[in-house]
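Produce the entire structure from the sequences given, and follow the hints as far as they go.
Residue numbers (our numbering), protein chains in the order written: chain A, 124 to 210; chain W, 124 to 210; chain Y, 124 to 210; chain B, 124 to 210; chain V, 124 to 210.
Some clues are possibly wrong.
Identical copies go unnamed one by one, so any copy, or any two together, can satisfy a pair.
Simulated pairs of lysine to aspartate or glutamate, EDC-like, Cα-Cα distance not exceeding 20 Å [to be verified]:
1. 128 <-> 207
2. 146 <-> 207
3. 128 <-> 151
4. 128 <-> 159
5. 128 <-> 168
6. 128 <-> 209
Think of the hints as simulated: they come from the structure by calculation, not from any bench.
In this text the structure is predicted, and so the values were computed from the model without any measurement.
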Amino acid sequence: MLTAKVVDNIWSTRKTDLLMGRKLMLLEVIGGGSNEGERLVAVDDVGAGVGERVLVALGSSARRMVGDDMIPTDAAIVGIIDEDCEF
Amino acid sequence: MLTAKVVDNIWSTRKTDLLMGRKLMLLEVIGGGSNEGERLVAVDDVGAGVGERVLVALGSSARRMVGDDMIPTDAAIVGIIDEDCEF
Amino acid sequence: MLTAKVVDNIWSTRKTDLLMGRKLMLLEVIGGGSNEGERLVAVDDVGAGVGERVLVALGSSARRMVGDDMIPTDAAIVGIIDEDCEF
Amino acid sequence: MLTAKVVDNIWSTRKTDLLMGRKLMLLEVIGGGSNEGERLVAVDDVGAGVGERVLVALGSSARRMVGDDMIPTDAAIVGIIDEDCEF
Amino acid sequence: MLTAKVVDNIWSTRKTDLLMGRKLMLLEVIGGGSNEGERLVAVDDVGAGVGERVLVALGSSARRMVGDDMIPTDAAIVGIIDEDCEF
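Listed below in structure tokens is the structure:
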């Protein structure tokens, strides 16, 4: 998984029915690695807020998180990193 | 998903029958992250226009979007980002 | 899909039986994006020539292109970009 | 697989039930290649300690490592590199 | 597939039983592209030697190469590039 910070909500009115009702969040990769700063959009079923640090699963594993293998998402938040977890 | 801007149509007369009739669009990654500027081609079943900002699913999730797991695409537009959505 | 230019044939006499008889081409990513210049090898079932611009599907989608899910390829040419298609 | 060094534990109290009880480790890519320094989080079923060098499988192969295809992880430690293995 | 040069063997005594008996090789991406120099570890069922140039399949396609979809590898050598193949 990637470690990322939640930047903002992403709003998309015209989208596939398969993603209707899904909460989409813009994330930025954190962690001090050379991939820091990359951005992506993930489905959030965990209830993360803007500014929180999260774990993100990519690829087919993201579909395991949303509980339906027919959902066309390649990124999903799987957990919120504890506030007192330093890294 | 990646956030991207639609750059142009891509025309390919000699292609696999599996992609016949599919609308192919050249996209450029946006969003202010360090991956900004990467380019890719995606199938568009949503009806995006040149200049619009879109969400793109990659890998096997792209095949979920096109509704047929035998289609050899690794990228598909899943939604158009609202014009008033700032990020 | 990536946009790429065909650089050359790749010859591999000692390879898995699963790839015997397959045409393998060295490709270089084009398109003006920040990923330009990356190189990869793809199976070509479309009949692309050296110097032509092609569309390449990656990952499990490449196996959809070669028509056999047991073939161990992660890249396949899915179409040749029209000569008069500017981008 | 990637070669990586174990940087630290990652603690996430609020996470999907599917990852409950799993040991999550922050890793940093090593090996002298140009991808050195990238960071990611992986499930550890091998028992790696902080500072040890490990092999990491990504994508759907990570789910093979955790023994349950429904677990939403895209990275898993598959082995610990021997201390006297120089590279 | 990536083109890579075999750098060395990788030894891992403490690893998943699923990889026991597998030959693991450290590879470095070659080919003159911008991804040159990235390093990864792959299963070798082809019999490549240190210094040889090889083709590497990534992701789920690597599991096709090792002939068992339950093996947690995301990289496998699929062929050795002929010595007189220039690129």
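Results for each hint:
1. 128 <-> 207: within (15 Å within a copy, 22 Å between copies)
2. 146 <-> 207: Only across copies: residue 146 and residue 207 sit 17 Å apart there, 26 Å inside one copy, limit 20 Å.
3. 128 <-> 151: both (5 Å within a copy, 18 Å between copies)
4. 128 <-> 159: The answer is both: 10 Å in one copy and 17 Å across copies each meet 20 Å.
5. 128 <-> 168: For residue 128 and residue 168, only the intra-copy Cα distance (16 Å) is at most 20 Å; the inter-copy one is 26 Å.
6. 128 <-> 209: both (14 Å within a copy, 17 Å between copies)
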